[in-house]
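J.: Using the working numbering, the first residue of the sequence shown is number 166, and each one after it goes up by one.
These aren't lab readings, by the way, just hints derived from the structure by calculation.
These figures come from a predicted structure and were not determined experimentally.
We put the CB at the ideal spot given by N, CA and C, even for glycine.
Each hint should be verified, as a subset may be incorrect.
Restricting the straight-line Cα-Cα distance to at most 25 Å, the calculated cross-link-like pairs of lysine to aspartate or glutamate (DMTMM-like) are [stated by the list, open to error]:
1. Lys169 with Asp261
2. Lys270 with Asp310
3. Lys291 with Asp310
4. Lys334 with Asp235
5. Lys291 with Glu259
6. Lys169 with Asp236
7. Lys321 with Asp254
8. Lys321 with Glu259
9. Lys334 with Asp310
10. Lys321 with Asp331
11. Lys169 with Glu325
12. Lys291 with Asp254
13. Lys321 with Asp261
14. Lys169 with Glu300
15. Lys291 with Asp261
16. Lys321 with Glu300
17. Lys334 with Glu233
18. Lys169 with Glu233
19. Lys334 with Glu238
20. Lys321 with Asp235
21. Lys270 with Asp254
22. Lys291 with Asp275
23. Lys291 with Glu233
24. Lys334 with Asp254
25. Lys321 with Asp335
26. Lys169 with Glu259
27. Lys270 with Glu300
28. Lys321 with Glu238
29. Lys169 with Glu318
30. Lys334 with Glu259
31. Lys169 with Asp335
32. Lys321 with Asp172
33. Lys321 with Asp310
34. Lys270 with Asp335
35. Lys169 with Asp331
36. Lys169 with Glu238
37. Lys270 with Glu259
Pairwise CB distance ranges, derived in the manner of DEER restraints [as the list claims (entries may be wrong)]:
38. Thr271 with Val216: 22 to 28 Å
39. Asp335 with Met187: 43 to 49 Å
40. Ile220 with Arg328: 37 to 43 Å
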Amino acid sequence: MSAKAFDVTWGRRIWLITGLVMLLASAVTITITTAASPDEAVWIRWILPWVVPGIPATTALWMIRRYELDDHELRVHRPFWVNRIPLSDIASAEVDPRACRGAWKTLGNDGLFAMHGRFRSRRLGKFQAYVTNPEQAVILRVTNDTIVISPAEPRKFLNELNRRLDRLKDRH
166 MSAKAFDVTW GRRIWLITGL VMLLASAVTI TITTAASPDE AVWIRWILPW
216 VVPGIPATTA LWMIRRYELD DHELRVHRPF WVNRIPLSDI ASAEVDPRAC
266 RGAWKTLGND GLFAMHGRFR SRRLGKFQAY VTNPEQAVIL RVTNDTIVIS
316 PAEPRKFLNE LNRRLDRLKD RH
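Based on the provided sequences and hints, a complete structural model is requested.
T.: Here's what the structure looks like:
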């Protein structure tokens with residue numbers, strides 16, 4: 166069976182945080198470049214306007230672009246690399262729009278272009294997130310971990326994943 170791609174959409178939280186950070190970075194950059202007098206330190210006028218927008222630009226490198234399933238793995242596509250999750254490691258999967266509620270970040274990014282990294286919640290315990298829209302969350306129980314993703318069509322994703330997991334079990 167060929168690979169099947171699943172798009173991502175941004176939820177309200179991701180749009181809001183990303184929009185506010187971009188607006189703030191733009192405002193700070195414009196303020197610094199226009200308010201600094203020629204007599205002030207050169208680094209203020211030349212370096213800070215690159216550093217401030219550089220923060221969101223660097224964070225964008227971790228953006229989640231899409232998910233892809235084939236007969237062996239789930240791939241989480243980023244701008245320049247792919248995270249791979251072997252299907253043989255997935256014990257179960259379920260759609261749960263409340264999966265990310267009450268979660269707090271322990272390592273990663275909690276809203277600028279995505280919600281990704283290590284998180285913890287009372288409901289799920291420790292988990293890895295590759296999420297762009299928490300309301301479309303799919304929980305994957307894998308060997309020694311829990312992973313949360315958010316394909317644009319979670320039910321279609323789950324049906325396709327289960328079909329491929331069943332085929333994998335039939336082969337072994």
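J.: Look at each hint and say if it fits the structure.
T.: Going through the hints against the structure:
1. Lys169 with Asp261: holds, 21 Å
2. Lys270 with Asp310: holds, 16 Å
3. Lys291 with Asp310: holds, 8 Å
4. Lys334 with Asp235: holds, 14 Å
5. Lys291 with Glu259: holds, 17 Å
6. Lys169 with Asp236: holds, 10 Å
7. Lys321 with Asp254: holds, 20 Å
8. Lys321 with Glu259: holds, 12 Å
9. Lys334 with Asp310: Given pair lysine 334, aspartate 310 holds - Cα atoms ~20 Å apart, limit 25 Å.
10. Lys321 with Asp331: holds, 15 Å
11. Lys169 with Glu325: holds, 8 Å
12. Lys291 with Asp254: Cα-Cα ~17 Å, so holds.
13. Lys321 with Asp261: holds, 14 Å
14. Lys169 with Glu300: At roughly 22 Å apart (the allowed maximum being 25 Å), glutamate 300 and lysine 169 satisfy the hint.
15. Lys291 with Asp261: holds, 16 Å
16. Lys321 with Glu300: holds, 15 Å
17. Lys334 with Glu233: Holds, because 20 Å separates the two Cα atoms, which is no more than 25 Å.
18. Lys169 with Glu233: holds, 6 Å
19. Lys334 with Glu238: Cα-Cα ~14 Å, so holds.
20. Lys321 with Asp235: Holds: lysine 321 and aspartate 235 sit about 14 Å apart, inside 25 Å.
21. Lys270 with Asp254: holds, 24 Å
22. Lys291 with Asp275: Roughly 15 Å separates the two Cα atoms, so the pair holds.
23. Lys291 with Glu233: holds, 24 Å
24. Lys334 with Asp254: holds, 12 Å
25. Lys321 with Asp335: This hinted pair holds, its Cα atoms lying about 21 Å apart.
26. Lys169 with Glu259: holds, 19 Å
27. Lys270 with Glu300: holds, 17 Å
28. Lys321 with Glu238: Answer holds: lysine 321 to glutamate 238 is near 17 Å, not above 25 Å.
29. Lys169 with Glu318: Answer holds: lysine 169 to glutamate 318 is near 13 Å, not above 25 Å.
30. Lys334 with Glu259: Within the cut-off at roughly 18 Å; holds.
31. Lys169 with Asp335: holds, 20 Å
32. Lys321 with Asp172: Roughly 11 Å separates the two Cα atoms, so the pair holds.
33. Lys321 with Asp310: holds, 23 Å
34. Lys270 with Asp335: violated, 38 Å
35. Lys169 with Asp331: Holds, at roughly 16 Å.
36. Lys169 with Glu238: Satisfied, since the Cα-Cα distance of roughly 11 Å is no more than 25 Å.
37. Lys270 with Glu259: It holds: about 22 Å lies between the C-alpha atoms, which stays within 25 Å.
38. Thr271 with Val216: 22 to 28 Å: holds, 26 Å
39. Asp335 with Met187: 43 to 49 Å: Because 48 Å falls inside the window, the suggested range holds.
40. Ile220 with Arg328: 37 to 43 Å: With Cβ atoms ~41 Å apart, the hint holds.
In the structure shown, a violation is registered for the earlier hint numbered 34 alone.
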